[in-house]
Amino acid sequence: MRLDGLNIFRIGVLLISINHFSTSFAQFNANVFQRIKSEYNNEKVVQLTKNITYEIQLVKGKPEVILYTNESYIYLKDISVVGSKRSIYSSQIFKLEEYTANVYTLQDGKYKKTPVKDKKEISNNQQFAFFDDMQEFTIDFANVNEGAIVELNTVHRITEPRLIRTVFFNEYIPIDELNIKFVVGSDIDFKIIPVALDKVQVNYSEISEKSRKLYQWSGKKIPAIEIEENTPDEKYFIAHVIPVVVSYKNGPATEYVLRDVEDLYKWYYSFIEQATKDVNNGELKKLSDSITSGCSSEIEKVKSIYYWVQSNIKYIAFEDGMGGFIPRKPDEILHKRYGDCKDKSCILFTLLKLSGIESYFTWIGTNDIPYTYQQVATPSADNHMIITYKNNGNYYFLDGTSSNLPLGIPSSFIQGKEALIAIDKDTYEIQTVPVLTAEKNLICDSISIQMKDKQIAGSGTLSFSGYPFYFFHDRYSDRDNIDQKETVKNYLEKGNNKFLISEYQVENLKPFDYSGNLSYDFTLGDYVKSVDNEIYLNLNMDRSISAFRIDDKRKYPLFFEYNLEYRFKAVFDIPGDYEIGYIPKDATFDSPEYGYSFRYKLDGNKIIYEHSHYRNTLLIGSENLKNWKDYIKNIENAYKETVLLRKIKN
Amino acid sequence: MLTRKLFFSAKSKINLIAIQFIFCSATILAQTEFYKNYDWSDSIAYSKIEATSKVILNKQEIIEFHYDDDVLVEYYLKHQKEFLVTDKDIEESNRRFITYANESELVFAKARVLKPDGKLIVLGDSKLLDAVNEETGEKSKFFAFEGIEKGSIIEYMFVVKKAPSYYGRAIQMQSTDSVISYNLDVVAPSNLVLKFTTLNDTTQTEYDTLYKEKNRWHIGINNVPALKDELFAPLNLLYKQVVFKLDRNLGNGVKDISSFGNASQNVYNNLHANFTKADEKALDKFIKSIGIPENATIDDKIWKIDNYIKTNIRITEDFQLSSSVADICETQLASEFGIIRLYISIFEKLKIDYNIVLTCDRSVSKFNKDFESFNSITDYLIYFPETNKFLDPGEYAYRYGLVPAQFTDNYGLFIKETSLGEFKTGVGKVKFIPPSGYKDTYSNLDIKVTINNTVDEVSIAMKDASFGHYAVYTQPYLRLLDESDLKNFIENGLKNHMNNIEVIDWQIADTGAEVIGKLPLIVTSNSKNDDLIEKAGDKYLFKVGELIGPQMELYSREERKLPLYNDYKRQYIRHIEIMLPEGYIVKNLTDLNLYSDSEKEGKKVLMFDSHYSIDGNKLVIDIDEFYDQIYFDKDEYQSYREVVNRASDFNKVVLILEKKSE
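Protein chains in written order, with our numbering: chain C, 1 to 650; chain B, 1 to 662.
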């Protein structure tokens, strides 16, 4: 859902194909194989070169951006049976001008070069985008045996200087030699925003020449990015640079491109102007009137229109050159009944306007993007569009791409992010979208259980609010009976997989609601242990937090989509002829970021067990991983505590 | 999923085994195309349907064989009308793909939407967009449906002109959506006679005696219920379907065109065509490089040839690649057809007796002994009468002795050479391809466990041996992984086996190319897992069941409606030795004894059996679990479920440890 039209910086594309340099290397020396083999013991493939060169020059008074990439890979194992495929891409904005591809195979101690001529196009087969103007070409390298090198050189023209791509320093395989270079004409004011450069060892140099300036990073033996679970986007922890064309000289005048947010905003604003002029409002007005006909207040009208758009316009991603930035016209969207985030925002804006309600186009980065507009005032700072509505000093962030999301709750993936709100042609506002605190995202599961034929039987109620409810709703409503049962089972299962729901009811599952309940009857087999005159029952039946256990080797930050509080209560009827043999001790831990509690209480013939844990942070930084590890370990230790009941001796 | 392929072009291996018959049409008068008379009606009335998911209101297919200037072509028409119910239906319908081979041609396509308010939107040509995939050699176009909402009816119709496919085709009349009305017309020039059969209890095709211009067969059924998927249900075998083939050409008197006899000869001839001196030379050199020892047994020879080819020659999807043996040896690239030529040339040269076996993927369709047609013979295997073993030339992961399970438990056409004087050709016989035995596919565990004396740490030394179908997608690839990938692979595997395990070290037995399929893949590891111990006062609970890892379960009591078809027979043997902490006894050892079995025709075909023995503080548990049956009727499901669940029950066994009383 988040891969949106605004985001042309697709990470997959970047990591696979953005590498550099124009001149094809002469011959590879056969020694390289021996050296790489000894220096990168046990690797299957090493990226020999990653050379990226941007040339930014004024041509006929306009900045021209050419990207040269050279990448070569050496294979330390024979993979001729599987082969090596690489992709190159081309689009209106990122236009492939030329490419060469070669494979070098070792023969009699020398590398023999074979050019690879064929490229095969695969276009518009992407599942995530409805229509994609990005063409993908695959190049199939044959004969990739031990020691073989494959090389790919590309030249791209970037037709919009605001859309120069971010350059990453690491890849998912080690890089033997890295060169990143920007060659910029001296009549161009250019800057580079470095991000997380302390995470990589490279040399930097800046050389000013008469007519141009060179910015250059080079490094050797750049380690591979490791794959870890639940990390934020790579931009949070991998070294990269964001190039920015600030302005350029056009004769005596200076043309401003991206000095600051102001410039970015001006550019952006021109897109919404285009989308909202010359619209045939007839149908839209009729629709707006009918949607809001029963509404008595402005906020009710906003709700009705917002919910209508969520339910009736389907979300679809487009990748279509500048169409990735300009919303389609609202009458066209109404006719088609589908659109991407910009389109949905546009029809939402228009329907509100036709009801006499003011709202604002808003650009925002999803949680894939770590920058503020202050840090990065370029299109790299955002990838999404929503609508902002103000009422009594309160800001409402309306995300048309959601479904069943109530007014007042932002979509989970824009929490804490800066919203660039278009007030009018000259005025914008930057507001931070609030983050829902843990107690607003509450899962509360309460069960009452008995022992029946050595098994557990009981009934329970699960109530949830905020995002947990929203995501359940998404997976439950509008599904067939089999899917619904499966979803409910996944949400409720506890103890072990012999948890069988005999009956359940979904209560208050209304669209656009904030909370709801599930009530259920269940049996749980092979869970309670009954041996001789003793019964063993572990009341810690839901241990799903263990999924966030990390080990000592963890490097990268841990990321969560939303804050969460989980409460579990179990009331257990002690069988008549039994008494308590052992009951675990209570335990609590609290901190601003996270905490837990365990309480066991004996009340007549019942044991009342209550457990909760909460987390009020979306990111555990690398420096705090150890504390998190210990925190989970402590909870898991408490989970091992088991209740023991003994038969009363007569 | 947004994409839904409406129609797959018939690019299949059949093309390689068939010789195009020259159709004598000289005596046939020009005939008009039948499909041109078909169209949707201009008026379309809206009526609401009560349903919880999409309903196909009407589906019409026309397959028409037709002479276009004496060349036989096929026109394929599809017309479908759907009532959309859920958001998911709408999302899946925003794009509808028409996929066809590069050399085919889309004659026309049109689509429209009828909205619940009765408004009709006709999609113009601009809503038919292109998609390209040069890798598969397929083109597609997709309709971008606009204006659809819940309760909308979408309707589309298209005709593709393509190379005719008539040697045997199965057309499904049922799907996972319910269909109110289904109709199929198959039309052929009057000289071509087709034969039909139907599967899974449906009406028969009827020959249209009134339509004189051409031959026309028709089948129509109403209210075809949706077939809802269940775990391991062989849906493709259960759908109502019609199968047809070209049987006779009255124009030239050729009969039994799609017969197995015909196929046998063609396959033999195609595989042996154009073998040149250069091929001969290249072949000798290639055989030399394999390095087969003089005294090798026949098993060793075949395995070595197979392994050498698979580790040196890459099979590509490029079906236009040269299939000359010399070219294959030079480029190390082969098409699926070329690779078979290489194999059999070697076997013939070395005088190893073999049969080419043609069968089909049983997850798609079962070999039909009673209706000889080429859709039963879409895939190749090689069979060796002397050893009674099979080889799959096209699958890198498999080595001689084991073939993909979907080509087993099925019949096949076994083709061997026969001589008529000087003339050599192939002759075929239908025989059964048995599934591999349950002992030939295993995942066995040998686990030694020590619980420390303070009862808070469990050390686990585990040897995991897998073989047969369990090793096939791992063992051949391990040598291609680098160290970090291998480490992730092994450690993740161990973590999936036991949650929260702390891996100390691991080793993997020789993974070289020379052991693939011969020796089991063995992973030995040492690890710790203190999560296996829980406490209740001064008692300890040891979660012994978790040592065997999570097991599949079928606890749900939902009634089973469809049969169940596993891929292969298999066995799991686990031997567990546990050193208990000094001074402790286990209170509930008998919980370790679990048993369930099932017999068929007097033979035990399924079993789970776990039992224990104890000697001092050494507890030994032995588990034998096997599945010697793969197909289960609905009525046999219970017995399968029982055995499967018994293993999952074991996974939940917990032992209570108590201090010995002084």
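No lab work stands behind these hints: they were computed from the structure. In this text, all values refer to a predicted model and were calculated from it rather than measured experimentally. Certain hints may be false.
To be verified - Derived DSBU-like pairs (lysine-lysine); straight-line CA-CA distance at most 30 Å:
#1 B:LYS543 with C:LYS286
#2 B:LYS88 with C:LYS286
#3 B:LYS543 with C:LYS647
#4 C:LYS452 with B:LYS543
#5 B:LYS88 with C:LYS640
#6 B:LYS429 with B:LYS255
#7 C:LYS285 with B:LYS543
#8 B:LYS618 with C:LYS640
#9 B:LYS304 with C:LYS85
#10 C:LYS77 with B:LYS255
#11 C:LYS37 with B:LYS543
#12 C:LYS633 with B:LYS543
#13 B:LYS543 with C:LYS626
#14 B:LYS495 with C:LYS235
#15 C:LYS606 with B:LYS304
#16 B:LYS587 with C:LYS633
#17 C:LYS452 with B:LYS285
#18 B:LYS127 with C:LYS277
#19 B:LYS304 with C:LYS77
#20 C:LYS314 with B:LYS119
#21 C:LYS329 with B:LYS495
#22 C:LYS640 with B:LYS448
#23 B:LYS561 with C:LYS489
#24 C:LYS649 with B:LYS285
#25 C:LYS77 with B:LYS495
Verification of the hints:
no., hint, in the structure
1, B:LYS543 with C:LYS286, "66 Å, violated"
2, B:LYS88 with C:LYS286, "28 Å, holds"
3, B:LYS543 with C:LYS647, "24 Å, holds"
4, C:LYS452 with B:LYS543, "22 Å, holds"
5, B:LYS88 with C:LYS640, "43 Å, violated"
6, B:LYS429 with B:LYS255, "19 Å, holds"
7, C:LYS285 with B:LYS543, "66 Å, violated"
8, B:LYS618 with C:LYS640, "25 Å, holds"
9, B:LYS304 with C:LYS85, "29 Å, holds"
10, C:LYS77 with B:LYS255, "54 Å, violated"
11, C:LYS37 with B:LYS543, "45 Å, violated"
12, C:LYS633 with B:LYS543, "18 Å, holds"
13, B:LYS543 with C:LYS626, "28 Å, holds"
14, B:LYS495 with C:LYS235, "29 Å, holds"
15, C:LYS606 with B:LYS304, "70 Å, violated"
16, B:LYS587 with C:LYS633, "29 Å, holds"
17, C:LYS452 with B:LYS285, "76 Å, violated"
18, B:LYS127 with C:LYS277, "24 Å, holds"
19, B:LYS304 with C:LYS77, "21 Å, holds"
20, C:LYS314 with B:LYS119, "19 Å, holds"
21, C:LYS329 with B:LYS495, "52 Å, violated"
22, C:LYS640 with B:LYS448, "23 Å, holds"
23, B:LYS561 with C:LYS489, "21 Å, holds"
24, C:LYS649 with B:LYS285, "88 Å, violated"
25, C:LYS77 with B:LYS495, "28 Å, holds"
Hints 1, 5, 7, 10, 11, 15, 17, 21 and 24 from the list above are not met by this structure, while the remaining hints are.
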